[in-house]
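Work out the full structure, taking the sequences as your base and the hints as a guide.
2 protein chains.
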Amino acid sequence: MNLENTQVQMRKGILEYCILHIISRGEVYASDMLDELTSARMIVVEGTLYPLLTRLKNSGLVEYKWVESKSGPPRKYYKLTNLGADFLKGLTDTWEELVHSTEQITHKSQTTV
Amino acid sequence: MNLENTQVQMRKGILEYCILHIISRGEVYASDMLDELTSARMIVVEGTLYPLLTRLKNSGLVEYKWVESKSGPPRKYYKLTNLGADFLKGLTDTWEELVHSTEQITHKSQTTV
DNA sequence: GCAAGTACTTGGCCATACATAGTACTTTCA
DNA sequence: TGAAAGTACTATGTATGGCCAAGTACTTGC
Chain A
0 MNLENTQVQM RKGILEYCIL HIISRGEVYA SDMLDELTSA RMIVVEGTLY
50 PLLTRLKNSG LVEYKWVESK SGPPRKYYKL TNLGADFLKG LTDTWEELVH
100 STEQITHKSQ TTV
Chain B
0 MNLENTQVQM RKGILEYCIL HIISRGEVYA SDMLDELTSA RMIVVEGTLY
50 PLLTRLKNSG LVEYKWVESK SGPPRKYYKL TNLGADFLKG LTDTWEELVH
100 STEQITHKSQ TTV
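Quick note, the sequences are listed as chains A and B, same order. Residue numbering for the first sequence follows numbering that gives the first Met the number 0, starting at 0 and increasing by one per position. Residue numbering for the second sequence follows numbering that gives the first Met the number 0, starting at 0 and increasing by one per position.
Here are the simulated distance ranges between beta carbons:
| hint | chain 1 | residue 1 | chain 2 | residue 2 | range |
| --- | --- | --- | --- | --- | --- |
| 1 | A | 4 | B | 70 | 36 to 44 angstroms |
| 2 | A | 56 | B | 69 | 54 to 62 angstroms |
| 3 | A | 81 | B | 66 | 50 to 58 angstroms |
| 4 | B | 40 | A | 38 | 30 to 38 angstroms |
| 5 | A | 47 | B | 64 | 35 to 43 angstroms |
| 6 | A | 0 | B | 38 | 25 to 33 angstroms |
If you are wondering where the hints come from, they were derived from the structure by calculation, not from laboratory data. Using N, Cα and C, we set each Cβ at its ideal position, and we do this for glycine too.
So this is what it looks like as structure tokens:
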């Protein structure tokens, strides 16, 4: 039980939320997402992102189209489905409630520390 | 991939943070923590809390003493160790950075939606 | 004694983040 | 032309941890 491991655990599920948000903003492919996540200091690696995108696609939350690239193999450009948009709304509620609950607990603590 | 499951995933790791906070506030036993977590709408069940406390204890982040109860079996009253207090500081940083990163991503999204 | 309530324990299941290695396509350049 | 490098995506295996469900142990009250 170390700090690094807990950071990983904290990220679980939240990543899915962030990625759906990024996709909701317009069509993007994996490297775009990695750039955005990295610039927000939400560390992610390929081995995490690609399986997640596959899961989202298999659940019908996102869809993609192949687009040829001028510098390399074709890319999968993702966008949200209607189902994905609904799911994102639900996730937003979940996240906000989770943050709120955590603040309620930790703020109470700070008064006594 | 449903909402419930994602809620579970989002809780991962965060629970540990919340529980350390609650313990940092004074000596408590498991049912106290469950009450507090429930009142903050952070849903937890016994099967989650007890193993977590055991992990925290085995890692030397918390310690406990047995205290007899007037209504039932004796209780384990937990408190933070010095190591646990340090760990909690690290977790606080991690959590705040995670919230910040998530806000950075989701706020950008809200401008286009 | 025996049932009911409280507190804690244990074993197994499942989802997911990550490491690592591998596939496939394109461009570059000798 | 064909080998090397770069880009994009895929597949497999491991570890962690939340949860379910069943179980143990102690106390109280009938």
